[in-house]
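S.K.: Protein chains in written order, with the numbering used here: chain A, 163 to 614; chain B, 27 to 611.
The hints are simulated quantities; they were obtained by calculation from the structure and are not laboratory data.
Values in this document were obtained by computation on a predicted structure and should not be read as measured data.
Just to be clear, a hint being listed does not mean it is correct.
Unchecked claim - For lysine-lysine, the following BS3-like pairs were computed, each having C-alpha atoms within a straight-line distance of at most 30 Å: (1) A/Lys-534 / B/Lys-449; (2) A/Lys-207 / B/Lys-183; (3) B/Lys-575 / A/Lys-529; (4) A/Lys-534 / A/Lys-597; (5) A/Lys-508 / A/Lys-601; (6) B/Lys-591 / B/Lys-581; (7) B/Lys-87 / B/Lys-149; (8) A/Lys-534 / A/Lys-508; (9) B/Lys-489 / A/Lys-508; (10) A/Lys-416 / A/Lys-509; (11) B/Lys-110 / A/Lys-591; (12) B/Lys-121 / A/Lys-392; (13) A/Lys-546 / A/Lys-489; (14) B/Lys-444 / B/Lys-433; (15) A/Lys-585 / B/Lys-29; (16) A/Lys-546 / B/Lys-575; (17) B/Lys-547 / A/Lys-534; (18) A/Lys-348 / A/Lys-392; (19) A/Lys-591 / B/Lys-574; (20) B/Lys-581 / A/Lys-546; (21) B/Lys-121 / B/Lys-149; (22) A/Lys-282 / B/Lys-149; (23) A/Lys-597 / A/Lys-489; (24) A/Lys-591 / B/Lys-87; (25) B/Lys-547 / B/Lys-591; (26) A/Lys-529 / B/Lys-489.
Unchecked claim - Which residues of chain A face chain B? A partial, calculated answer using Cβ under 8 Å: (27) Gly-223; (28) Asn-276; (29) Ile-278; (30) Gly-303; (31) Lys-423; (32) Ala-425; (33) Ser-429; (34) Ser-432; (35) Gln-503; (36) Asn-519; (37) Val-522; (38) Lys-591.
The C-beta atom is built at its ideal place from N, Cα and C for all residues, glycine as well.
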Amino acid sequence: MKTKAFQRIYTEISAITKATCVLKAEGVTYEELAWVDGRPAQAIKVVDDMVTLQVFPGTEGIATKAEVVFSGHPPTLNVGELLSGRFLNAYGDPIDDGPKVEGETRAVGGPAVNPIQRSKPSSLLATGIAGIDLNNTLVTGQKIPFFADPGQPYNSVLAEVAMRAEADKIILGGMGLSHDDYLYFKNTFTQAGVLDKIVCFINTSENPPLERLLIPEMACTAAEYFANDKKQKVLVLLTDMTLYADALAIVANKMDQIPSKDAMPGSLYSDLAKTYEKAVQFAHGGSITIIAVTSLNEGDITHAIPDNTGYITEGQLFLKQDTDIGKVIVDPFRSLSRLKQNVIGKKTREDHPQVMNTLVRLYADAKEAKTKQENGFDLNEYDKRCLRFALEYSERLLAIDINISIDEMLDIGWELMQKYFEKFEVSIKETFMNKYWKKSKVEEGLVEEKVN
Amino acid sequence: MTKGVITSIISNLVTIEVDGPVGQNEICLINSNGVQLRAEVIRVNGKEAFAQVFESTRGVKIGSEVDFSGHMLEVELGPGILSKNYDGLQNDLEKMGGIFINTGEITAPLDKDVFYSFTPLAKPGDTVSAGDWLGNVRENWVDHKIMVPFVMEGAYKVKSVVEAGDYKIYDEIAVLVSDDGKEYPITMTQKWPVKQAVRNYRQKIRPYEILQTGLRVIDTFNPITEGGTGYIPGPFGTGKTVLQQAIAKNGEADIVIIVACGERANEVVEIFTEFPELTDPRTGRKLQERTTIICNTSNMPVAAREASVYVGMTLAEYYRNMGLKVLMLADSTSRWAQALREMSNRLEELPGQDAFPVELPATIANFYSRAGCVELNNGNSGSVTFIGTISPAGGNFKEPVTESTSKVAQCFYALSQKRADAKRYPAIDPLASYSKYLDYQEFRENTNANIQEGWVDLIKKTKDIMRKGLEARDQINILGDDAVPVNYHMDFWRSELIDFTIIQQDSFDDVDMNTPMERQKYMINKVIGICDMDLPFDDFQQVGDFYKKLINLIKQMNYSPIDSKEFEQYERALNEQLEQKTAVA
């Protein structure tokens, strides 16, 4: 951080906490970027001439006589085509031995898009994973997190989705990422030969936690450049937002704020929304889609972080280990894509909504049968069919290693329904039954006889 | 006017050293980087005023100059409000330039150059008071009354009214004279502070008439009335917003005000895209023509969230005073409460439960009480029906916002995670939910006369069948299918029949999404008729199979237009099934 002649320099810090320091300074603007002993910091409270700075790398070793330099502007990022293929830290500085990124300097965390300038998100974002495409279809301009336990392979699923989804740019924001996972992402992107459409902002668990606060703003500022200025389809990956929220809590705590639920700041909802609402579909075709990871504690979604996230995002995806088939599946009950209604049956085949719902309902019946079985009750004939159906449904459609088209998924759905059920049990609109239900009268009769 | 300078900034809370008098809730303007940021005074302490800023405070400096306006946050009322998309401070979003919302941008809420066709209703010599009708203009298809401004106290004589013709909103359309001879020129517009209720009516009356929403689980099971209040709490993913949008589309109101308060921008965009396309079946006009949207989405400034619900309510009250049925929806009131919490926290007030401000219950109660059915001074009636959604933290209804609301709202629509997981939509729990209007004598008399004799009792009977079915289900689950009498299975399947055919409704199917009252009456009678039949079954397996067939046929009926061939066909098939079964007996 070079000091320039016109910058204001102070050397008298009056108070220091683990995350912040306070000093007397004049003419400071709110959210202005400063450097404390060369460490980046931001003005988060100004009372008379006392300024509170949140010091991103932490305050270890800062002395009261440390040099504080004010920049006169909020944190910025240089945006331009040269961002492509780059790995940067939370300040937008290279960590890949490349040169400093040249481009137009923009303040991060800019204003909100005027809602009337948005378009309704309605282009399909296919991934080939049936647990997503069939049951929880994604749409460009959507924001959706994976709710995952720490033991689940969420980062590799995230990378897989990113590689398969059709996007012009993929922007990865890593917060508290383990160094191994960072290398995994880097290797995956390199091996797939897609480096030219990647931009990464990385804060690993080795870096100071407060720096995480800048990662989503950096990633979204870069995304807005490509999506709005360049009219591209941008996919933003944010992992892990729980660690981001933890950093928010640290700062709030050091500022003596009264914590609300789960020791989180009362403004958690707005803080998270500021990032997630950057997801947008522009009328000119550019879009920002955000897929994030929110790690859970033992699946507890009532914790303030996943809870607030769920109210902001357009659905959530749950991964689950299915012990019956020994694979990771996308949980059909708890997962939800709110924007799927914009595309299913419209951009996909007409029978998509009804087939999807019926399959999930039958899978729910199977789950009930299973509970019955576990409680030692006799299963009736319908229960048994449901269980056999569930096994095949899980194996052929829910498992995350599936990679097929949506039409194929629907065909498999019809095949399974006809294999295990009768017309009256599926209760689908007659017009679709006439078109897709291929089982003949004779076969129906045979099954019915068997049943009786 | 009073002036001041900024002395501290913490997020969107600033303190200002003032040089003159300031009022609580007074609006002031902070001069920063060439624009003016609006802020509202929320505490005064000597020469120091605390204000919440309605915009991002990035770039504001200590010493920035502040101008005080002398008034509270006001809305501008007049023709042209309908079809508009406002932000939380009544800025017209359409008039803003650029893709992003620029800090400090202020746009006019009404269109000053549009001509409206005016017809006088008052004549010179009439005695009038605030809220009385002076004339009428057509706004879209709505008769928009030009009223004596609400702020004018006492009685006035009409000195003159312009002739029928086309006028712009700021043209003088009448002159009123007060007792002491002072003249007041009147235009088509007026201003009103949003935090105060408009009370220019004769009296509030007890609601008695159903406000149809087209949703069976509401209209039939737990009806809301014109002028009623309701709330919809639910964990995320249970369909709060889909439900509210369905009500906005199908609700039988003259005017619909939607406040998107701290929620997703894409949901608002959905309304922006759909409402200009969709037709209101009652009027044949576009839904957009009767709708005003106020949006402060979750990434827009937090302080304006509180303002947005008050702006919405004031617009609703304004139209109510024209003798119209207004439906106001707010999604979600929890975000508003959170905005209050953030501010209370920054003011370092002692916190109440879950860190919410202690006055939260009172604030919510006052707000809900602004809804209601009123008799106007001229004998006409109007109503504001208010339905708010709540996003309870962790999906747990034992939290301050839900609890405070439950004490004031008359209808409770509990969204159930269990029903949502089982894809039983709308996920309103039919038994946990309630409508207190079912117990109103006025409501009972009205439904007896307008729907059918004994309607309320029929609904209560239906709920009993549901309740009995759930008890039977629990017994079956504990004891096992064949360890209970077949009767238990019949009880259970009767409740499933009601659940699948009456309560569940496909909000994405063109026919099923909106069921008029006449059809709801027909179907509930049909289904209860079936529940009343004592059908013979040999074992529990038969019960389920038979009722599943019935459910399938009735669902097909629900998907078909009521006077269509298919409907008739499915009904015939249904009757045949029932006849066969009873013939066996």
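S.K.: Checking against the hints above, which ones are violated?
M.R.: Failing hints, ascending: 2, 4, 7, 8, 9, 10, 11, 15, 17, 21, 22, 23, 24, 27 and 32.
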